[in-house]
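So you can see what is in the structure, the chains are spelled out below.
6 protein chains.
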Amino acid sequence: MAALIEENAASAEVLAVYEDIKATRKTDWVNNFWKALANHPPTLKRIWETIKQVMAPGALDPLTKELVYIAVSVTNNCNYCIASHTASARAKGMTEEQLAELLAVIGVANETNRLAVGYGVPVDERFLAAE
Amino acid sequence: MAALIEENAASAEVLAVYEDIKATRKTDWVNNFWKALANHPPTLKRIWETIKQVMAPGALDPLTKELVYIAVSVTNNCNYCIASHTASARAKGMTEEQLAELLAVIGVANETNRLAVGYGVPVDERFLAAE
Amino acid sequence: MAALIEENAASAEVLAVYEDIKATRKTDWVNNFWKALANHPPTLKRIWETIKQVMAPGALDPLTKELVYIAVSVTNNCNYCIASHTASARAKGMTEEQLAELLAVIGVANETNRLAVGYGVPVDERFLAAE
Amino acid sequence: MAALIEENAASAEVLAVYEDIKATRKTDWVNNFWKALANHPPTLKRIWETIKQVMAPGALDPLTKELVYIAVSVTNNCNYCIASHTASARAKGMTEEQLAELLAVIGVANETNRLAVGYGVPVDERFLAAE
Amino acid sequence: MAALIEENAASAEVLAVYEDIKATRKTDWVNNFWKALANHPPTLKRIWETIKQVMAPGALDPLTKELVYIAVSVTNNCNYCIASHTASARAKGMTEEQLAELLAVIGVANETNRLAVGYGVPVDERFLAAE
Amino acid sequence: MAALIEENAASAEVLAVYEDIKATRKTDWVNNFWKALANHPPTLKRIWETIKQVMAPGALDPLTKELVYIAVSVTNNCNYCIASHTASARAKGMTEEQLAELLAVIGVANETNRLAVGYGVPVDERFLAAE
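Chains as they are written, first to last, in our numbering: chain G, 1 to 131; chain D, 1 to 131; chain V, 1 to 131; chain W, 1 to 131; chain P, 1 to 131; chain S, 1 to 131.
Okay, chain G solo, but in the shape it has when bound:
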């Protein structure tokens, strides 16, 4: 487990990212993920810039993006990521019913993924033609 760089121990470079996180998210705290990344300021800065760009409202709304993030995190078995993105999704309006349906889809997709691979199903011509 990496040391967590708290705000009072952070360099100016790290603190600037923490401040941007708090301002962008309109919150008064920084979660542990960033405090761990702060052990390597270039990674902290790069990942934060990436998250700001990729998770911003766009053709997909921010809540949908959080649901997708949860789907990846559950499939990869990342407990931290499930906890943090479930919190983010709830903050963006996800209901418990939506979470339950999300988990059901994730479960079934993992099942049919293995069935498609196990049966060696060839991609249909119509799917290829549509690309």
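Just so you know, these hints were derived from the structure itself, not from any lab.
Predicted model only: the values in this text are computed from it and were never measured.
Please note: incorrect hints may appear among the correct ones.
Copies of the same chain look alike in the list, so a pair counts if it works inside one copy or between any two.
To be verified - Simulated pairs of lysine to any residue, SDA-like, Cα-Cα distance not exceeding 20 Å: (1) LYS22 - GLU97; (2) LYS52 - PRO42; (3) LYS45 - GLY120; (4) LYS22 - LYS45; (5) LYS92 - LEU128; (6) LYS92 - ASP124; (7) LYS92 - GLY58; (8) LYS45 - ALA56; (9) LYS52 - ALA87; (10) LYS52 - GLU125; (11) LYS45 - GLU125; (12) LYS45 - ASN8; (13) LYS52 - PRO41; (14) LYS92 - ALA59; (15) LYS92 - ASP61; (16) LYS92 - THR24; (17) LYS92 - ARG126.
Use these hints to put chains D, V, W, P and S onto chain G, whose structure you have.
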């Protein structure tokens, strides 16, 4: 690779599922996934009933469910599933810009999942308390 | 893709392993996996010795071991391994009905694995006590 | 972590599933997995019906199915599932020697899966022809 | 499969990235990965900037970074990534003997990862204390 | 969780492996991984012989091999393996800056692996020709 059970070679039990797939989806064909599962009628029937239940409109709309399905399939590296659910998502209105944003979120989630694990980030008390 | 070392191009060291594979398996050919590993004779020899030890009859019979091998290979999405171990399992008596049930279990296990992780289910005291 | 729905807090719909689990398994308790799924009764009911169908005696015996379940769960790194299905397998007669051989096969299969992918081994014509 | 944006069909924004790829790598061509990302110029630009930063010489030399990239790609079963990073590693001096040892380490790590999980090995106090 | 076989409870066969581990590593203790494998002496012996062979200095130096081991372990989400191989890598001279760059490469490789799969990028002719 499993044999694909075409409609003209299907038993009445299999054919009934094929007909329900076509009626439910308002389409005139059945894609290869189902023709492979038809090698084992109980699995064919069970998976189709599951998909009908889980992918139906609910607290989450059908397009969001397809996006989640793609996220799982890309993370699991299932080419068949990516092809079939990308086609389904497009049929439900997914634009190319939405697909591009979806893939960007999937990519970043896979990156930060590994960073959270690699740094061994402990779950924040606030996330635990919120559950 | 690595070059495949055919028997007529193999060193004495590699050939000795090929001969042992054929003798142990009572067959007249060597499949591509070994011809690829032959690019690095220490790996070829080590993996073959490992397979001979681990897949031999023991507390579990050889067919059960092949079914487990298929389960891992489908979960990892390894097409070569699915093809080769499905062939091995059939040679050891696996029926098509058994293969279908195997794939059904693999699919459901992948689904419930994700549900257990997604819901963050804590291990029951009784399971811990039983260990 | 989801709330666990204990029997005294369960709806009639959930309780009916709990009773069927206990009756089918001839046991007096329900493990946490089901109490977590009970947050979404349609998922609870669907997964229980699926497990009853897929894990029932068939062309494969129930113990073999449990071994396959463990193989998938170890490969997916699902601690809950490893604990619960190891308990189920022991209840169905799995010995410690069988568990040790099972883990050995799982380990080696994961190793050779990566070697087959890393060397890019092409599927042998004989394997394709046999399908 | 996404369309590949060839240089003669690329926008000025995309072309600028292609030119930077060629200049940075001292080569006269752009591989398909970038031509696929060019379907979404913000992703193309972001990933290229990320790769330039992360894969640059630093505390780890560029060849070691390529070996790590191959290890991840083999574990994730990404054929494209194995092909492209094996080519990059060879261009940076990787020998066939080094590749063979790399694949052996990847294989064994995947095996022992599953054994550690399967046996549920607790982290040693000395490892925790050292962090 | 498997029982850990301590030295004072080990058979002569197990003890011989423990002694070889300590002598080879010039250390006075045996970490939990081996104490868990000792539940099945043939696996203990086989894995230790494998590790000795594969992790020995060769065309790749031992530190590079540890970095690759960490990359696989992070991608597979094996906490035990991350802890033990991070300790091994540090003992072989890995600096904190090297660890940070290693984690950055692992993260980015996981991201681009999914992008390559998600976009369905075909392998370039030049990469195929080079093999």
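Results for each hint:
1. LYS22 - GLU97: neither (29 Å within a copy, 27 Å between copies)
2. LYS52 - PRO42: Cα proximity of LYS52 and PRO42: in one copy and across copies (15 Å, 13 Å).
3. LYS45 - GLY120: Classified as between; 19 Å across copies, 42 Å inside a copy.
4. LYS22 - LYS45: For LYS22 and LYS45, the Cα distance is within 20 Å only inside one copy (14 Å; across copies 26 Å).
5. LYS92 - LEU128: between (36 Å within a copy, 18 Å between copies)
6. LYS92 - ASP124: between (38 Å within a copy, 19 Å between copies)
7. LYS92 - GLY58: both (15 Å within a copy, 18 Å between copies)
8. LYS45 - ALA56: both (17 Å within a copy, 17 Å between copies)
9. LYS52 - ALA87: within (17 Å within a copy, 29 Å between copies)
10. LYS52 - GLU125: The answer is neither: 39 Å in one copy and 24 Å across copies each exceed 20 Å.
11. LYS45 - GLU125: neither (44 Å within a copy, 24 Å between copies)
12. LYS45 - ASN8: Answer is within; shortest intra-copy Cα gap is 18 Å, inter-copy 35 Å.
13. LYS52 - PRO41: The answer is both: 16 Å in one copy and 16 Å across copies each meet 20 Å.
14. LYS92 - ALA59: Close inside one copy (17 Å) and across copies (15 Å); limit 20 Å.
15. LYS92 - ASP61: So LYS92 and ASP61 pass the 20 Å test inside a copy (10 Å) and across (16 Å) alike.
16. LYS92 - THR24: within (14 Å within a copy, 33 Å between copies)
17. LYS92 - ARG126: between (38 Å within a copy, 16 Å between copies)
Comparing the model with each earlier hint shows violations of hints 1, 10 and 11; every other hint is respected.
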